[in-house]
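**Q** Each chain is listed here by its residues.
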Amino acid sequence: MVKKLTSLLILGVLSFFLTGCWDQVEIEDRGFIVGVAMDLVEETDDESDKPEGKYRYKGTYQFVVPAGLSQNGSGPSGGGGSEKAYENVSSTSDSLLEQARNLAVKMSRPPFAQHLQLLIVSEEVAKEPRSFRNIMDLFIRDNEMRRGIIVMIAEGEAGSILDAQSKNESLPAIHLSDIAENTIKNSEMLSKVRLGFVHERLVDQTSFVIPKVTMEGQHVNMTGAAVFQGYNDQMIDFINGDTTEGLNFITGEYKGGLIKTKVEDELVVYDIRNASRKIRVDVRNKESIHFNIVIETEGIIGESFKSLDYANPTVLSKVEETVEKEIKRKVLETINTFQKDLQVDALGLGGYLQSEDYKTWKQIKQNWDRGVNYFSKSTIHVQVKSIVRSSGAVFESQK
Amino acid sequence: MRFNSFYKQNKKRTEMIKTKQKNQEDFSLELFTELNENLHNIKKLLDEPSDLMIREFTIGNTDHRCAIVYIEGLTDKLLIDTSVIKNIQMETEDSDKKLADKANDVVDQFYNKVLSIGKVEKVLSLDQVSYAILSGNTALYIDGTDQVLIIGSKGWENRSIEEPISEALIRGPRDGFIENLQTNTVMIRRRIRDANLRFKSYQVGRRSKKDLVVAYIDGIINPDIVKEVNRRLKTIDLDDAPETGFIEEWIEDNFLSPFPQFSHTERPDKAVAALMQGKVVILLDGTPFILMGPLTFGDTLQSPEDYYERWIVGSLLRMLRYLGAFIAVFLPALYIALVSFHPGMIPSKLAFSIAASREGVPFPAFIEAFLMEITMELLREAGIRLPKPIGQTIGIVGGLVIGEAAVAAGFVSPIMVIVVAITAVSSFSMPSYSTALAFRMIRFAFMGAAALFGLYGIILAYIAVNIHLVNLRSLGFPYTTPFAPSFLRDWRDLVIRSPITTLTKRPKYMQTDDEERMGNKKGGQ
Numbered sequence: 001m002v003k004k005l006t007s008l009l010i011l012g013v014l015s016f017f018l019t020g021c022w023d024q025v026e027i028e029d030r031g032f033i034v035g036v037a038m039d040l041v042e043e044t045d046d047e048s049d050k051p052e053g054k055y056r057y058k059g060t061y062q063f064v065v066p067a068g069l070s071q072n073g074s075g076p077s078g079g080g081g082s083e084k085a086y087e088n089v090s091s092t093s094d095s096l097l098e099q100a101r102n103l104a105v106k107m108s109r110p111p112f113a114q115h116l117q118l119l120i121v122s123e124e125v126a127k128e129p130r131s132f133r134n135i136m137d138l139f140i141r142d143n144e145m146r147r148g149i150i151v152m153i154a155e156g157e158a159g160s161i162l163d164a165q166s167k168n169e170s171l172p173a174i175h176l177s178d179i180a181e182n183t184i185k186n187s188e189m190l191s192k193v194r195l196g197f198v199h200e201r202l203v204d205q206t207s208f209v210i211p212k213v214t215m216e217g218q219h220v221n222m223t224g225a226a227v228f229q230g231y232n233d234q235m236i237d238f239i240n241g242d243t244t245e246g247l248n249f250i251t252g253e254y255k256g257g258l259i260k261t262k263v264e265d266e267l268v269v270y271d272i273r274n275a276s277r278k279i280r281v282d283v284r285n286k287e288s289i290h291f292n293i294v295i296e297t298e299g300i301i302g303e304s305f306k307s308l309d310y311a312n313p314t315v316l317s318k319v320e321e322t323v324e325k326e327i328k329r330k331v332l333e334t335i336n337t338f339q340k341d342l343q344v345d346a347l348g349l350g351g352y353l354q355s356e357d358y359k360t361w362k363q364i365k366q367n368w369d370r371g372v373n374y375f376s377k378s379t380i381h382v383q384v385k386s387i388v389r390s391s392g393a394v395f396e397s398q399k
Numbered sequence: 001m002r003f004n005s006f007y008k009q010n011k012k013r014t015e016m017i018k019t020k021q022k023n024q025e026d027f028s029l030e031l032f033t034e035l036n037e038n039l040h041n042i043k044k045l046l047d048e049p050s051d052l053m054i055r056e057f058t059i060g061n062t063d064h065r066c067a068i069v070y071i072e073g074l075t076d077k078l079l080i081d082t083s084v085i086k087n088i089q090m091e092t093e094d095s096d097k098k099l100a101d102k103a104n105d106v107v108d109q110f111y112n113k114v115l116s117i118g119k120v121e122k123v124l125s126l127d128q129v130s131y132a133i134l135s136g137n138t139a140l141y142i143d144g145t146d147q148v149l150i151i152g153s154k155g156w157e158n159r160s161i162e163e164p165i166s167e168a169l170i171r172g173p174r175d176g177f178i179e180n181l182q183t184n185t186v187m188i189r190r191r192i193r194d195a196n197l198r199f200k201s202y203q204v205g206r207r208s209k210k211d212l213v214v215a216y217i218d219g220i221i222n223p224d225i226v227k228e229v230n231r232r233l234k235t236i237d238l239d240d241a242p243e244t245g246f247i248e249e250w251i252e253d254n255f256l257s258p259f260p261q262f263s264h265t266e267r268p269d270k271a272v273a274a275l276m277q278g279k280v281v282i283l284l285d286g287t288p289f290i291l292m293g294p295l296t297f298g299d300t301l302q303s304p305e306d307y308y309e310r311w312i313v314g315s316l317l318r319m320l321r322y323l324g325a326f327i328a329v330f331l332p333a334l335y336i337a338l339v340s341f342h343p344g345m346i347p348s349k350l351a352f353s354i355a356a357s358r359e360g361v362p363f364p365a366f367i368e369a370f371l372m373e374i375t376m377e378l379l380r381e382a383g384i385r386l387p388k389p390i391g392q393t394i395g396i397v398g399g400l401v402i403g404e405a406a407v408a409a410g411f412v413s414p415i416m417v418i419v420v421a422i423t424a425v426s427s428f429s430m431p432s433y434s435t436a437l438a439f440r441m442i443r444f445a446f447m448g449a450a451a452l453f454g455l456y457g458i459i460l461a462y463i464a465v466n467i468h469l470v471n472l473r474s475l476g477f478p479y480t481t482p483f484a485p486s487f488l489r490d491w492r493d494l495v496i497r498s499p500i501t502t503l504t505k506r507p508k509y510m511q512t513d514d515e516e517r518m519g520n521k522k523g524g525q
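Heads up: the protein sequence lines correspond to chains A and B, in order. Number 345 in this note's numbering belongs to position 345 of the first sequence; there are no gaps in the numbering. Number 181 in this note's numbering belongs to position 181 of the second sequence; there are no gaps in the numbering.
Just so you know, these hints were derived from the structure itself, not from any lab. Any given hint could turn out to be false.
DSS-like, lysine-lysine: derived pairs with alpha carbons at most 30 Å apart [said to hold, decoys possible]:
1. A/84 with A/58
2. A/185 with B/113
3. A/385 with A/306
4. A/255 with B/43
5. A/58 with B/349
Facing chain A, according to a computed beta carbon distance under 8 Å, are these residues of chain B, among others [stated by the list, open to error]:
6. 344
7. 355
8. 358
9. 362
10. 422
11. 425
Covered stretches of chain A (chain B as the covering partner; in silico rule of three or more C-beta atoms under 8 Å from a C-beta of chain B) [claimed, not checked]:
12. 57-67
13. 220-233
Beta carbons: idealized from backbone N, C-alpha and C, even for Gly.
Let's have the full structure, built from the sequences with the hints guiding it.
**A** Now the structure itself:
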């Protein structure tokens with residue numbers, strides 16, 4: 001009896017061990033996807049009986065090749081110095097999940113997306129109706145995807161951008177997502193947009209911008225942005241670097257950059273270290289909505305081709321004045337672009353109106369930046385206050 | 001059949017033992033008035049060992065015979081020569097001194113006047129005599145009486161007091177307990193001059209009859225602890241207790257637990273600190289290690305140096321030790337879980353470099369970690385066994401050569417070597433060796449759990465260990481107190497060590513008779 005019981009017990013314990021490890025996949029057996037690029041291939045045949053999506057997409061998936069990463073180390077595989085650390089594999093299908101499944105047929109290591117960093121969507125895809133939303137669906141829905149994935153819109157073909165080479169980073173996707181961090185040095189870039197942000201915008205239907213990325217020869221360029229209409233999530237157009245800079249001032253995302261001005265016909269560069277903005281809404285009636293934007297910047301003289309006496313307050317205030325004028329010009333130009341050309345409120349002013357005057361907002365919500373387009377009709381005032389904190393490390397560098 | 005022949009042999013042996021006992025019955029276990037008979041009996045009882053000294057002589061210038069019996073080497077010879085033999089032989093030299101007529105009175109005379117020794121005792125049975133002789137005392141037989149005087153003459157070679165090897169400190173007293181019980185009690189006495197310091201003597205070992213002392217401070221300690229320790233010690237029935245480990249295992253609350261329920265130390269200052277906290281200290285003859293109880297989990301991560309150094313440093317070091325304990329138990333398990341189950345939880349670049357370093361490693365992470373941990377344990381064990389100078393070589397050979405070669409051969413990944421090394425270093429940082437052993441043991445359980453179920457398994461194992469810990473008792477006191485049951489006041493001296501001036505009360509969880517450690521006077525500003 002006791003023997004029977006113990007043998008039963010042992011069998012029970014053993015069966016417990018049998019079920020173990022069912023989802024165990026060693027780290028080196030996983031195919032880490034770090035970047036995905038989506039291009040449009042063609043429209044599908046509507047007459048087919050098979051259930052199909054409207055478009056066929058080409059997904060380019062960037063897999064990490066770990067052996068290529070350890071070329072400098074004394075890893076066991078050492079020697080293969082010139083090996084690439086990544087491999088781009090393409091797959092074409094109307095369904096993104098199907099694309100991913102197709103990859104498993106081609107790759108020895110099954111795709112694993114938890115380290116996905118970057119999603120590049122081509123301009124073509126973004127401009128087709130509903131297409132951008134449909135692509136985003138998998139990335140938002142799938143539990144392997146993180147909400148921190150950086151989203152970019154490519155001018156031209158997206159797949160080729162995943163081949164952007166860099167000496168520092170062995171993985172183009174990491175290279176690109178690291179560049180997106182550099183907004184503190186360059187204000188013509190939009191600060192990075194994460195998947196979570198895109199999800200919010202898809203749900204709340206406000207217009208938004210996503211950084212643009214282009215190939216320029218061997219290098220990428222990340223100035224400018226793509227503007228999306230909120231209600232149908234369709235891309236309207238790209239904006240250039242200057243407009244993006246003005247946009248950064250308005251949205252308060254300005255991290256740092258420079259303003260070139262001319263003082264007494266010579267170039268003086270104002271290096272912005274800190275910028276903030278305040279927005280006030282003044283609603284008389286829904287036909288006349290006034291926004292007051294006050295921008296305050298703080299910075300130093302970064303470069304001065306003219307020898308000026310920066311110790312003199314009157315000289316400083318003169319420089320500050322020209323800086324203010326320049327910033328105001330840029331911001332007004334941006335506002336003009338959005339109000340008149342694009343007629344889309346990606347500035348986030350609608351959100352301000354919503355929180356300040358909800359009654360009015362409720363009335364005009366449906367016609368804010370479409371239909372009657374109250375956004376274009378509203379008046380936006382801009383005030384700029386700039387402070388020069390110092391003239392750099394010296395007062396004068398030449399006589 | 002082999003078993004049968006074995007059984008037959010066994011039968012023969014028991015018969016032999018019986019006949020031997022019969023043969024021994026040519027002497028009696030009683031004391032007689034006849035000196036020769038007595039000496040014969042003691043000789044026969046001990047089977048005339050070579051180190052048994054029997055010295056017969058006459059008292060003064062009378063013809064009254066007497067004899068002293070002792071074991072050579074166990075006794076202080078100088079003391080016997082000058083204070084026993086000399087005194088007795090000189091006794092009746094002066095004419096006014098006379099020897100009593102009756103032999104029994106001679107015993108009293110010796111006890112009162114002749115023997116200039118502090119510890120003299122009258123005994124009436126051979127059992128007591130042999131025990132006294134075997135523990136280093138000297139028996140004085142006088143012809144004509146069945147009373148024997150036992151002279152306290154213990155004195156043998158002892159290891160000198162040295163710095164404890166297993167518990168070295170930078171700052172703190174350098175003396176450590178030795179194998180001699182009396183020296184050890186003295187070391188405690190010298191530190192506490194309180195009339196309430198109690199030493200209760202016990203004897204353990206059916207055959208070894210070792211002295212065991214329970215020390216505590218009356219008025220501080222919770223009397224229930226003393227009662228409980230007394231009850232448990234009374235149950236001990238061993239042939240011998242070579243080390244306090246035997247006592248510990250006999251009286252601990254749960255012998256199946258991997259966690260120690262008594263702490264042991266070689267340091268008198270630690271023992272005194274325990275006494276002052278209202279704990280009980282158990283000293284055993286023949287070992288420098290003493291036991292302290294009750295033990296709580298928090299105690300195992302404390303070092304006396306926490307109190308000797310400044311409190312900020314002490315607190316930081318304690319926190320470091322808690323971190324060390326965490327690493328020692330969890331790191332390999334976490335590595336296995338993250339690498340085999342949840343690579344998404346590792347920062348991307350680290351994940352890629354781990355994947356790169358594991359490229360070509362033939363084993364899953366668990367096997368790899370298990371192999372390395374076993375190797376580590378083997379090295380540690382080998383290092384302890386080998387003599388000191390070679391021990392260091394083993395460290396170098398094991399740590400550097402095997403690690404380096406294993407990585408170069410693609411046998412394990414370099415990151416695994418780092419994980420194992422950090423784990424080993426962390427477990428060395430534990431101040432209590434037996435706790436470190438417990439951690440080393442449950443580390444493997446955690447690794448197994450991680451290999452089966454990933455992080456989920458680690459959490460299950462963690463819950464299991466916690467259930468065990470909160471159920472564990474040490475001398476009836478909850479092991480995890482003051483965490484749970486929670487005594488907030490005692491947290492001042494748990495993970496952090498508050499300044500001495502704020503530790504005005506003894507631990508609440510000890511339920512001491514006297515809680516006040518110090519007055520309310522503020523420290524000397």
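**Q** Next step is simple, just say for each hint if it's right about the structure.
**A** Here's how the hints hold up against the structure:
{"no.": "1", "hint": "A/84 with A/58", "in the structure": "holds (23 Å)"}
{"no.": "2", "hint": "A/185 with B/113", "in the structure": "violated (102 Å)"}
{"no.": "3", "hint": "A/385 with A/306", "in the structure": "holds (23 Å)"}
{"no.": "4", "hint": "A/255 with B/43", "in the structure": "violated (100 Å)"}
{"no.": "5", "hint": "A/58 with B/349", "in the structure": "holds (27 Å)"}
{"no.": "6", "hint": "344", "in the structure": "holds (3 Å)"}
{"no.": "7", "hint": "355", "in the structure": "holds (4 Å)"}
{"no.": "8", "hint": "358", "in the structure": "holds (4 Å)"}
{"no.": "9", "hint": "362", "in the structure": "violated (10 Å)"}
{"no.": "10", "hint": "422", "in the structure": "violated (19 Å)"}
{"no.": "11", "hint": "425", "in the structure": "violated (23 Å)"}
{"no.": "12", "hint": "57-67", "in the structure": "holds (count 3)"}
{"no.": "13", "hint": "220-233", "in the structure": "violated (count 0)"}
Violation of the numbered hints given earlier is confined to hints 2, 4, 9, 10, 11, 13; the remaining hints are satisfied by the structure.
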